[in-house]
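**Student:** Sequence:
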Amino acid sequence: MKATEADSILQPSAVTLLNGLQDTHQALLTLLAATRRSIHLYTPYLDPRLCNDSLIIDTISTQISQQPRLRFYLLLPAATVWRGSCPRLLQLAERLTSTLSLRTLPGDEPRERPEFLQGFVIADQTVLLHQADPRNFIGSFASQGTGKARELLNFFMELWEKSAPDPELRRLYL
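For the sequence shown, my numbering begins at 1 and goes up steadily by one.
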């Protein structure tokens with residue numbers, strides 16, 4: 001994604017194709033910086049080049065400090081898979097327990113729908129970063145509400161109801 005594409009990414013009806021880590025990184029930063037109310041994130045695969053990136057983690061921290069009502073809902077793989085490679089995300093989640101909610105699906109949850117293999121971030125229930133292939137950072141970024149954003153948010157909410165906090169992330173506070 002070129003600078004002119006990043007500048008126009010929040011224009012009405014703008015859809016940008018993402019092809020690689022750099023495009024996805026820039027789109028995620030743009031999405032995070034523009035979020036005012038909520039983030040819903042689902043991914044079957046957490047890549048440390050995004051989830052442990054200091055610029056992304058700092059942007060999340062800044063947004064939360066500037067907008068105390070902002071909420072992050074993250075539906076992630078089991079923590080045993082990613083906590084060693086994403087310590088910045090783990091530290092952020094531990095510091096911001098009232099703002100950032102992390103959950104994981106039960107292991108016995110059927111995963112027959114194709115959405116289970118995709119990744120997505122929905123900001124303010126309308127802006128969509130969709131990764132059809134999250135391991136290779138292939139996807140799209142839509143700056144305005146689309147049917148796909150609504151469909152994936154409904155999918156997310158169904159999963160959220162079935163999910164629970166990851167037992168690996170529970171801490172004993174004395």
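Just so you know, the hints here were simulated from the structure itself, not pulled from any lab data.
Be aware that a few hints might be false.
Only pairs whose alpha carbons sit at most 16 Å apart, straight line, appear in this in silico EDC-like list of lysine to aspartate or glutamate [what the hints assert, rightly or not]: (1) K162 x E109; (2) K162 x D124; (3) K148 x E115; (4) K148 x E109.
**Student:** Take the hints in turn and mark each one as holding or not.
**Tutor:** Going through the hints against the structure:
no.	hint	verdict
1	K162 x E109	holds, 8 Å
2	K162 x D124	violated, 22 Å
3	K148 x E115	holds, 11 Å
4	K148 x E109	violated, 23 Å
Violated hints for the displayed structure, listed by number in ascending order: 2, 4.
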